[in-house]
Amino acid sequence: MKRYMVAAGLELVNRVRVVGLAATHWYLGFLVAVLVGLNTLLWGLTLREVGGPEASLRFFFNLFFNRWFILAMLTGFTVAVLSYWVYNEMGVMLGRFFLSISIISIVFVGYFLLKESVTIQQWVGIILIIIGALLIGRI
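Each residue of the sequence shown is one higher than the last, beginning at 331 in my numbering.
I should point out that these hints are in silico values taken from the structure, not numbers from a laboratory.
Among the clues, some could well be false.
As the list claims (entries may be wrong) - FRET-style restraints, in silico, Cβ to Cβ:
1) L387 with I457: 23 to 31 Å
2) F389 with L444: 33 to 41 Å
3) F407 with I460: 46 to 54 Å
4) L387 with W356: 40 to 48 Å
5) W356 with L404: 17 to 25 Å
6) R388 with M423: 42 to 50 Å
Just so you know, even glycine gets a beta-carbon here, dropped at the ideal spot from N, CA and C.
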(Lines of atoms letter the chains of each structure in order from A; the text may use other names.)
(Lines give C-alpha, C1' and ligand atoms only; values in the text may rest on other atoms or scores of the structure.)
Protein backbone atom coordinates (compact mmCIF):
# COMPACT_ATOMS: atom_id res chain seq x y z
CA MET A 331 0.00 0.00 0.00
CA LYS A 332 2.80 2.38 0.94
CA ARG A 333 4.63 1.65 -2.33
CA TYR A 334 1.43 2.40 -4.28
CA MET A 335 1.00 5.73 -2.46
CA VAL A 336 4.59 6.73 -3.20
CA ALA A 337 4.17 5.81 -6.88
CA ALA A 338 0.89 7.75 -7.06
CA GLY A 339 2.56 10.72 -5.37
CA LEU A 340 5.45 10.68 -7.84
CA GLU A 341 3.02 10.46 -10.74
CA LEU A 342 1.12 13.47 -9.40
CA VAL A 343 4.36 15.44 -9.05
CA ASN A 344 5.30 14.59 -12.65
CA ARG A 345 1.85 15.69 -13.87
CA VAL A 346 2.16 18.98 -12.01
CA ARG A 347 5.59 19.52 -13.59
CA VAL A 348 4.23 18.81 -17.07
CA VAL A 349 1.20 21.06 -16.55
CA GLY A 350 3.44 23.75 -15.04
CA LEU A 351 5.82 23.53 -17.99
CA ALA A 352 2.94 23.68 -20.48
CA ALA A 353 1.53 26.73 -18.70
CA THR A 354 4.98 28.31 -18.82
CA HIS A 355 5.09 27.81 -22.59
CA TRP A 356 1.74 29.58 -22.95
CA TYR A 357 2.81 32.44 -20.70
CA LEU A 358 6.01 32.86 -22.67
CA GLY A 359 4.06 32.77 -25.93
CA PHE A 360 1.81 35.58 -24.75
CA LEU A 361 4.86 37.43 -23.44
CA VAL A 362 6.28 37.23 -26.97
CA ALA A 363 3.09 38.81 -28.35
CA VAL A 364 3.22 41.61 -25.76
CA LEU A 365 6.91 42.23 -26.41
CA VAL A 366 6.22 42.44 -30.15
CA GLY A 367 3.66 45.16 -29.44
CA LEU A 368 6.15 46.94 -27.18
CA ASN A 369 8.79 46.64 -29.90
CA THR A 370 6.40 48.26 -32.37
CA LEU A 371 5.80 51.12 -29.96
CA LEU A 372 9.54 51.62 -29.42
CA TRP A 373 10.20 51.68 -33.18
CA GLY A 374 7.43 54.25 -33.61
CA LEU A 375 8.94 56.44 -30.89
CA THR A 376 12.36 56.03 -32.51
CA LEU A 377 11.09 57.21 -35.88
CA ARG A 378 9.32 60.17 -34.31
CA GLU A 379 12.51 61.33 -32.59
CA VAL A 380 15.06 60.52 -35.29
CA GLY A 381 12.93 61.20 -38.35
CA GLY A 382 12.81 59.43 -41.67
CA PRO A 383 15.78 57.36 -42.79
CA GLU A 384 18.52 59.03 -44.77
CA ALA A 385 22.02 58.01 -45.80
CA SER A 386 24.09 60.28 -43.57
CA LEU A 387 26.46 59.78 -40.66
CA ARG A 388 24.43 62.18 -38.55
CA PHE A 389 21.28 60.09 -39.02
CA PHE A 390 23.06 56.85 -38.09
CA PHE A 391 24.70 58.49 -35.07
CA ASN A 392 21.33 59.82 -33.88
CA LEU A 393 19.72 56.45 -34.51
CA PHE A 394 22.28 54.25 -32.76
CA PHE A 395 22.39 56.43 -29.66
CA ASN A 396 18.63 56.93 -29.42
CA ARG A 397 17.19 55.43 -26.22
CA TRP A 398 14.10 54.11 -28.01
CA PHE A 399 16.23 52.44 -30.67
CA ILE A 400 18.36 50.70 -28.04
CA LEU A 401 15.24 49.47 -26.22
CA ALA A 402 13.69 48.37 -29.54
CA MET A 403 16.79 46.34 -30.34
CA LEU A 404 16.75 44.73 -26.87
CA THR A 405 13.08 43.81 -27.10
CA GLY A 406 13.58 42.54 -30.65
CA PHE A 407 16.42 40.29 -29.51
CA THR A 408 14.36 39.06 -26.56
CA VAL A 409 11.42 38.30 -28.86
CA ALA A 410 13.68 36.37 -31.22
CA VAL A 411 15.12 34.21 -28.43
CA LEU A 412 11.74 33.58 -26.77
CA SER A 413 10.07 32.85 -30.13
CA TYR A 414 12.73 30.29 -30.95
CA TRP A 415 12.19 28.63 -27.59
CA VAL A 416 8.39 28.63 -27.94
CA TYR A 417 8.57 27.16 -31.47
CA ASN A 418 11.10 24.57 -30.34
CA GLU A 419 9.09 23.50 -27.28
CA MET A 420 5.51 23.84 -28.54
CA GLY A 421 5.95 23.05 -32.21
CA VAL A 422 5.19 25.15 -35.23
CA MET A 423 1.41 24.78 -35.12
CA LEU A 424 1.01 26.20 -31.62
CA GLY A 425 3.86 28.65 -32.17
CA ARG A 426 1.96 30.10 -35.12
CA PHE A 427 -0.86 30.94 -32.73
CA PHE A 428 1.43 33.39 -30.94
CA LEU A 429 2.68 34.78 -34.24
CA SER A 430 -0.94 35.58 -35.11
CA ILE A 431 -1.47 37.23 -31.73
CA SER A 432 1.72 39.23 -32.32
CA ILE A 433 0.34 40.62 -35.57
CA ILE A 434 -2.76 41.75 -33.71
CA SER A 435 -0.67 43.43 -31.00
CA ILE A 436 1.25 45.32 -33.70
CA VAL A 437 -1.97 46.68 -35.20
CA PHE A 438 -3.45 47.65 -31.83
CA VAL A 439 -0.28 49.46 -30.75
CA GLY A 440 -0.13 51.24 -34.08
CA TYR A 441 -3.78 52.28 -33.95
CA PHE A 442 -4.26 53.15 -30.28
CA LEU A 443 -0.82 54.37 -29.20
CA LEU A 444 0.85 55.61 -32.38
CA LYS A 445 -2.42 56.94 -33.88
CA GLU A 446 -2.00 55.16 -37.22
CA SER A 447 -5.05 54.79 -39.45
CA VAL A 448 -6.59 51.34 -40.03
CA THR A 449 -9.08 50.69 -42.84
CA ILE A 450 -12.20 48.55 -42.65
CA GLN A 451 -10.49 45.85 -44.74
CA GLN A 452 -7.63 45.75 -42.24
CA TRP A 453 -10.06 45.41 -39.30
CA VAL A 454 -11.79 42.54 -41.12
CA GLY A 455 -8.36 40.96 -41.61
CA ILE A 456 -7.59 41.36 -37.91
CA ILE A 457 -10.86 39.64 -37.00
CA LEU A 458 -10.05 36.79 -39.40
CA ILE A 459 -6.58 36.47 -37.85
CA ILE A 460 -8.12 36.26 -34.38
CA ILE A 461 -10.55 33.56 -35.53
CA GLY A 462 -7.75 31.64 -37.23
CA ALA A 463 -5.52 31.93 -34.17
CA LEU A 464 -8.31 30.60 -31.96
CA LEU A 465 -8.86 27.68 -34.32
CA ILE A 466 -5.14 26.88 -34.43
CA GLY A 467 -4.96 27.09 -30.65
CA ARG A 468 -7.62 24.36 -30.38
CA ILE A 469 -5.66 21.88 -32.50
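Consistency of the hints with the structure:
| no. | hint | verdict |
| --- | --- | --- |
| 1 | L387 with I457: 23 to 31 Å | violated, 45 Å |
| 2 | F389 with L444: 33 to 41 Å | violated, 21 Å |
| 3 | F407 with I460: 46 to 54 Å | violated, 27 Å |
| 4 | L387 with W356: 40 to 48 Å | holds, 45 Å |
| 5 | W356 with L404: 17 to 25 Å | holds, 23 Å |
| 6 | R388 with M423: 42 to 50 Å | holds, 47 Å |
Violation of the numbered hints given earlier is confined to hints 1, 2, 3; the remaining hints are satisfied by the structure.
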